[in-house]
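Novice: Sequence:
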Amino acid sequence: MAIACALSDTANIRFSNVEPSLPDYSCPAMDFAIEKETELQWYLYLLCRHKGILEEACLKNPRGMDLLVDGSIPPSSGLSSSSALVCCAALVTVYANKLDDLLDKKRLAELCAHAEHYIGTEGGGMDQAISFLAEPGKAKMIEFNPIRPSNVSLPVGTQFVISNCLIKTNKVAFAVFNERVMECHLAAQVISKKSGQVGSWKNKYTCCRL
Numbered sequence: 016m017a018i019a020c021a022l023s024d025t026a027n028i029r030f031s032n033v034e035p036s037l038p039d040y041s042c043p044a045m046d047f048a049i050e051k052e053t054e055l056q057w058y059l060y061l062l063c064r065h066k067g068i069l070e071e072a073c074l075k076n077p078r079g080m081d082l083l084v085d086g087s088i089p090p091s092s093g094l095s096s097s098s099a100l101v102c103c104a105a106l107v108t109v110y111a112n113k114l115d116d117l118l119d120k121k122r123l124a125e126l127c128a129h130a131e132h133y134i135g136t137e138g139g140g141m142d143q144a145i146s147f148l149a150e151p152g153k154a155k156m157i158e159f160n161p162i163r164p165s166n167v168s169l170p171v172g173t174q175f176v177i178s179n180c181l182i183k184t185n186k187v188a189f190a191v192f193n194e195r196v197m198e199c200h201l202a203a204q205v206i207s208k209k210s211g212q213v214g215s216w217k218n219k220y221t222c223c224r225l
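Using the working numbering, you'd call the opening residue of the sequence shown number 16 and step up by one each time.
Accuracy of the hints is not assured; some may be wrong.
Said to hold, decoys possible - Here are the in silico distance ranges between beta carbons for each label pair:
no. : residue 1 : residue 2 : range
1   : Asn76     : Val171    : 19 to 25 Å
2   : Ala26     : Phe175    : 42 to 48 Å
3   : Ile206    : Leu83     : 46 to 52 Å
4   : Met45     : Val171    : 40 to 46 Å
Said to hold, decoys possible - Listed next, the in silico SDA-like pairs over lysine to any residue satisfying Cα-Cα at most 20 Å (straight line):
no. : residue 1 : residue 2
5   : Lys75     : Pro38
6   : Lys183    : Pro38
7   : Lys155    : Thr173
8   : Lys66     : Asn112
9   : Lys66     : Lys121
These are calculated hints, taken from the structure and not from any lab test. The beta-carbon is built from N, C-alpha and C at its ideal position, and this holds for glycine as well.
Hey, can you work out the whole structure from these sequences and the hints?
Specialist: Rendered as structure tokens:
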């Protein structure tokens with residue numbers, strides 16, 4: 016995933032994609048709305064992270080930008096194309112507005128983990144974390160609250176195969192994605208209560224807190 020950025024003298028952001036089937040879009044760099052549409056448009060992922068960076072930095076006059084997006088990750092296939100867009104958009108906004116205080120990999124990973132909440136998807140933070148914290152030739156175990164990456168040794172000759180099943184899923188049109196998240200939250204609370212953690216089980220949302 017790559018985003019080419021040209022700073023603009025206007026107060027707008029213009030989004031374009033090298034894929035001709037994806038529509039262009041333009042909006043103010045500061046005052047814009049993220050509509051939770053039935054068919055999620057690709058540029059909303061960039062707006063989500065732009066919004067998050069503006070709020071984190073308390074930025075009142077963000078730079079206008081002309082953006083051109085390119086990538087080879089199949090969309091809506093479970094291969095983290097949305098996370099890649101979110102992470103790229105975060106870096107673009109940070110660099111364009113010279114927000115050097117935010118140039119910390121762990122901090123950016125945590126910020127990007129919450130970006131898709133703006134469009135109604137309750138995703139985790141694993142994809143965003145590995146996007147920023149990956150190292151060549153190393154596997155990572157990532158723990159959260161706060162983010163804690165550690166290297167994992169793999170047997171010599173280990174290979175990973177990543178495949179595309181060619182089945183697309185619109186995470187916004189179908190509630191399955193968010194249902195899985197809530198099911199995990201409820202499962203953690205049930206296990207906590209059954210194990211005798213009286214009074215504290217309501218605060219257990221993930222298995223790592225048990």
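Novice: Does each hint hold? Answer for all of them.
Specialist: Evaluated hints:
Look at Asn76 against Val171: about 53 Å separates their beta carbons, and that is not inside 19 to 25 Å. Between Ala26 and Phe175 the C-beta distance comes to about 44 Å, which sits within the given range of 42 to 48 Å. A hinted range of 46 to 52 Å holds for the C-beta pair Ile206 and Leu83, which are about 47 Å apart. A hinted range of 40 to 46 Å is violated for the C-beta pair Met45 and Val171, which are about 52 Å apart.
Proposed proximity of Lys75 and Pro38 is contradicted: the alpha carbons are some 28 Å apart, above 20 Å. At roughly 19 Å between alpha-carbon atoms, Lys183 and Pro38 fall within 20 Å of each other, so this suggested pair holds. Distance hint between Lys155 and Thr173 is fulfilled; the C-alpha atoms sit about 14 Å from each other, no more than 20 Å. Proximity of Lys66 to Asn112 is assessed by CA-CA distance (about 13 Å); at most 20 Å being required, the pair is judged to hold.
Our distance criterion of 20 Å between C-alpha atoms is met by Lys66 and Lys121, whose separation comes to about 19 Å.
Going down the numbered hints, you'll see the structure goes against 1, 4, 5, while the others check out.
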